Amino acid sequence: MGRFDYAFQNYDTTKHVRASLREKQISHKHAREVSKQIKGMTIEKARDYLTSVINKERAVPFRRYKTNVGHRSDPGVMAGRYPQKTALEFIKMLDNLESNAEYKGMDLDRLKIVNATSHKGILIKRFTPRAMGRATPKNNVLTHVELVAQEV
Numbered sequence: 001m002g003r004f005d006y007a008f009q010n011y012d013t014t015k016h017v018r019a020s021l022r023e024k025q026i027s028h029k030h031a032r033e034v035s036k037q038i039k040g041m042t043i044e045k046a047r048d049y050l051t052s053v054i055n056k057e058r059a060v061p062f063r064r065y066k067t068n069v070g071h072r073s074d075p076g077v078m079a080g081r082y083p084q085k086t087a088l089e090f091i092k093m094l095d096n097l098e099s100n101a102e103y104k105g106m107d108l109d110r111l112k113i114v115n116a117t118s119h120k121g122i123l124i125k126r127f128t129p130r131a132m133g134r135a136t137p138k139n140n141v142l143t144h145v146e147l148v149a150q151e152v
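Going by this note's numbering, the sequence shown opens with residue 1, and the numbers climb by one from there.
These aren't lab readings, by the way, just hints derived from the structure by calculation.
Since the structure is predicted, the reported quantities are computational estimates derived from the model, not experimental observations.
Some clues are possibly wrong.
Below, in silico cross-link-like pairs of lysine-lysine (DSS-like), each with a Cα-Cα straight-line distance of 27 Å or less [stated by the list, open to error]:
id, residue 1, residue 2
1, K120, K92
2, K85, K56
3, K24, K85
4, K85, K36
5, K36, K120
Please construct the entire structure, taking both the sequences and the accompanying hints into account.
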C-alpha cells in the first residue's frame, strides 16, 4: 500500500491527533452514517455508543442511505440500523486514536472528535460463472476511514 494523505485540512500536530483505517471490508454506507453520528463526541462517549450499537441497544440513524430501512424506537431516529461490523472496526480505530494521543502526551478525557470521514477504497472485482457461458459480476468496495480528535 502506498503513501496516503488525510482529508482533514489545517492539521496542527500540537492540538490534533489522528488515526485511520485503510482498505477495510466494511460497508462505506454504514461507515458514512457512523462517522456522522460520532463526530463531536468524546472518545469515551463514542466508545460507549458503538458498544451499545453492537449490543443492539441503540440504532445508528440512517439519513442518506435509508431506502427500505425500518423505523427504530430510539428518540430522534426515524430510519436506522445496527451496523455491528462497522462499529467494531470503529472501536478498534478509537483505541488507536487513544494510543496516539497518549503517545503525544494529551489528556484523554479532554479529547473530542472534530472530524470523522469515510471514503470509498479500491474495487475488488470477482465473477461468478453462470449458465450458457455468462458470468455475473460480484464487486466488493473497500473503505477508508479517518478520525481526527482535538483537546478542548
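Structure-based check of all given hints:
1. K120 <-> K92: holds, 19 Å
2. K85 <-> K56: Given that 27 Å is the threshold and the Cα spacing comes to 12 Å, the pair holds.
3. K24 <-> K85: holds, 11 Å
4. K85 <-> K36: Status holds; Cα separation ~17 Å.
5. K36 <-> K120: holds, 15 Å
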